Amino acid sequence: MKLDLPKYKTSDEVDFVVVGSGAAGGIMAKELSENGFRVVVLEQGPYLTEADFIHDEIKVVNQDLLTNKPKLQPSSFRKTPNEKAKPQRALVYGRCVGGTSVHFTANFWRFHEIDFIERSKVGPVPGADLRDWPITYADLEPYYTKVEWEIGVSGLAGASPFDPPRSKPYPMPPLPVKGSGVIFERAARKLGWHPFPAPMAILSQSRPGRSACINCGFCLAFGCEVGAKSSSLATAIRMAEKTGRCEIRPNSYVHRIETDSNGRATGAVYFDEQRNTHLQKAKAVVVCANGAETPRLLLLSANKQFPNGLANSNGVVGKYLMLNSGGVTNAVFEHPLNDYKGFAVSRLLHDFYELDPQKVGFYGGGGIDARFDATPISFATGSLPPGTPGWGKTFKDTLAHNFNRTMELFCHGTSLAVENNSFSLDPDLKDAWGLPALCLTYKDHPDDLKLWAWQNQRANELLDAAGAIKKWSQPVGEQQFAVHLLGTCRMGNDPKTSVINSDHRTHDVKNLFLCDGSSLVTSGRGQPTMTIEALAFRAADRITALAKRGEIT
Amino acid sequence: MIENLSRRNFLTRGSAAVSAVWLSAHWPAIVAAAEHAHHAAKSSAPPKFQFFTPEEAAEIDAIAARVIPSDETPGAREAGVVYFIDRGLTTFAVDDQKTYREGLPALQARAHELFPNVEKFSTATPDQQDQILHSLDDQAGPAPGRRSASTSNSFFQAVRIHTIVGFLIDPDSGGNHEGVGWKVIGREPEHMFQPPFGYYDKDYAGWQPNPPDAEKTKA
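For the protein sequence lines, the chains are A and B, in the order given. Note that the first sequence covers residues 217 to 769 in the working numbering. Note that the second sequence covers residues 818 to 1036 in the working numbering.
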């Protein structure tokens, strides 16, 4: 089927320009164009499709086929704001149409009620700025359901006793259980815990134009060649294009939001592939560029009227970054699991989602999943037991023995919002276009590290109960590499401490909206994409209502 | 013609053990995967060296053969790793050219220093070769955590990593000749699989709900 895709002129003032085409941007484009608006999506990366998705670990992983390019887009890192940041690769995100949702693991947990009201329940946490959200789980529930049905999530409703209430079951059954999932389920039950089939944004049943998962085994870090992974590329972007009102414009690197003398956004300025500059005019701008690039774009848009950057009169833009902790414990079993077959995760538990700070001595909570997400090269260079030689006969024998017999427990957990943790503009380092590069400043809150260590202990208990013949945890340590990019333009009712209101409208600029990981007030328990997508569905509803009432322009 | 044959072979191989129902439900995906296999098969290993001289290639081949030795099962040599590295040095690893150009003479010097009778690394005995490489090995084993694995300036670390990559990369990508690396680690070559996948899930009785009296308890 050939779609009649619109081509808007940059001088044509469209209803919305959406910056970014990932988890949030894709859904924003779909919803706004389905609601009758004329939309241009500006995506810095290329428009790749299923035919481009290969299993070559060098091209995909080492050469960043799908992700940000460190040579063109350098970054820097420091632990605290008083240090001088050192250039190093500090983050990874999807840089193609569909964004990070193209290559993610696709764990799709909903947040629970507690994630929205935790400050009220546990009180202040020293060294952090823990806050309640201006919305609740109940506000978001219909949109979680929309994600599950419209985008496609497999899972089993009611399987976890800790699950929050839901209005509808999943649209399709869970994916098949893997060996790691069976081992996990049996051992967790021995310990009195409550394992359940992992909700995954991967199809267990085919949908029009998309196959069910064929278990090819190149999942995390790779694009899905059969459309089974529910990326924005395989779902929302195509729905948006079907409206005939949405133009996806790839290779368009937005680096400034233009404003007029009334302080209103007039469009987005971008470089095309040949580095020519254009201004796409629009009645309103929605930035969905991720929790690093969204604050960077606001800061890059500083002008006389907004000297600290757009929507940053309070100085909060870029701050309160949360990365989620992620502890990995590996184990080797007697018989072959062949866990390289299939998607990454089939079983999960949420028994530790809400820990009692009085009992454990720290704030936080998490989830533990059973998985295998390594591909052959990443396994050989990162998943062998400590002390294994890096070459020679013992290396080869261990590799040959362990590849089929290894699984991982991945402990996902909370990160607290800390003011000093941020993405900002590096004062010296520039990208290939001459613009200030991203600087990551991060030092985990002590409670985040305590949680990480505590969950590692649970992982080791589980593996003992499972009869692992060998197990080892990767050491707990302060993070200096960002994958989950959360909280940097957070939502709130108070314009002094937040960047957007509960309609995702910036407090400072009436026709500028932000929606992505940056909107989150708390980090959840380690799987943010489902919530980012639910927020995007809800934000699109709110923005549509404002536009129809004439309250944007 | 060739295209049709290769697609046919692929489909025959892929469908040998699958049910008709599964096959029809996944048909579009299988065709897509077959296109993939064909697309990639066009880029097989080049017949001659692009970066190394034949003499240099013999030395690299000898190092790779100690990193992943050939014994009862194939090693780096059978996987054609030296061809993969040669092509890599003009493509994805072009930044490592200097490391190789400078590293190889240094390796020979070290070989001669440790074993004055040895002219070339490739003519040393396997034991001698291991001793030479150990003397250059600045890293005991794989670094913990995949994300920390990065290119090293050290010549031996570069050859070590490139050998592992050339042994284990997707065979459609120009290394891992005839998939021998995957055979050694027990990874089947198919583009699709169906459960049960292994020993532990083959007798799984199906999902049983958690006990109804399960209480929500805080740890």
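What the hints contain is simulated information worked out from the structure, not anything from laboratory work. Among these hints, one or two may not hold up.
Ranges of calculated distance between the beta carbons of each label pair, as one might list FRET restraints [what the hints assert, rightly or not]: (1) B:Pro943 to A:Lys302: 51 to 59 Å; (2) A:Lys712 to B:Lys915: 34 to 42 Å; (3) A:Pro552 to B:Ala1022: 14 to 22 Å; (4) A:Pro602 to B:Ser887: 50 to 58 Å; (5) A:Asn636 to B:Glu936: 56 to 64 Å; (6) A:Asp613 to B:Gly1023: 49 to 57 Å.
Simulated pairs of lysine-lysine, DSSO-like, Cα-Cα distance not exceeding 30 Å [unchecked claim]: (7) B:Lys1019 to A:Lys686; (8) B:Lys937 to A:Lys686; (9) A:Lys302 to A:Lys275; (10) A:Lys646 to B:Lys1000.
None of the values given here were measured: they were computed from a predicted structure. We put the beta carbon where it would ideally sit given N, CA and C, even for glycine.
Going through the hints against the structure:
no.	hint	verdict
1	B:Pro943 to A:Lys302: 51 to 59 Å	42 Å, violated
2	A:Lys712 to B:Lys915: 34 to 42 Å	54 Å, violated
3	A:Pro552 to B:Ala1022: 14 to 22 Å	20 Å, holds
4	A:Pro602 to B:Ser887: 50 to 58 Å	27 Å, violated
5	A:Asn636 to B:Glu936: 56 to 64 Å	60 Å, holds
6	A:Asp613 to B:Gly1023: 49 to 57 Å	37 Å, violated
7	B:Lys1019 to A:Lys686	22 Å, holds
8	B:Lys937 to A:Lys686	41 Å, violated
9	A:Lys302 to A:Lys275	27 Å, holds
10	A:Lys646 to B:Lys1000	46 Å, violated
Of the numbered hints listed earlier, those contradicted by the structure are 1, 2, 4, 6, 8, 10.
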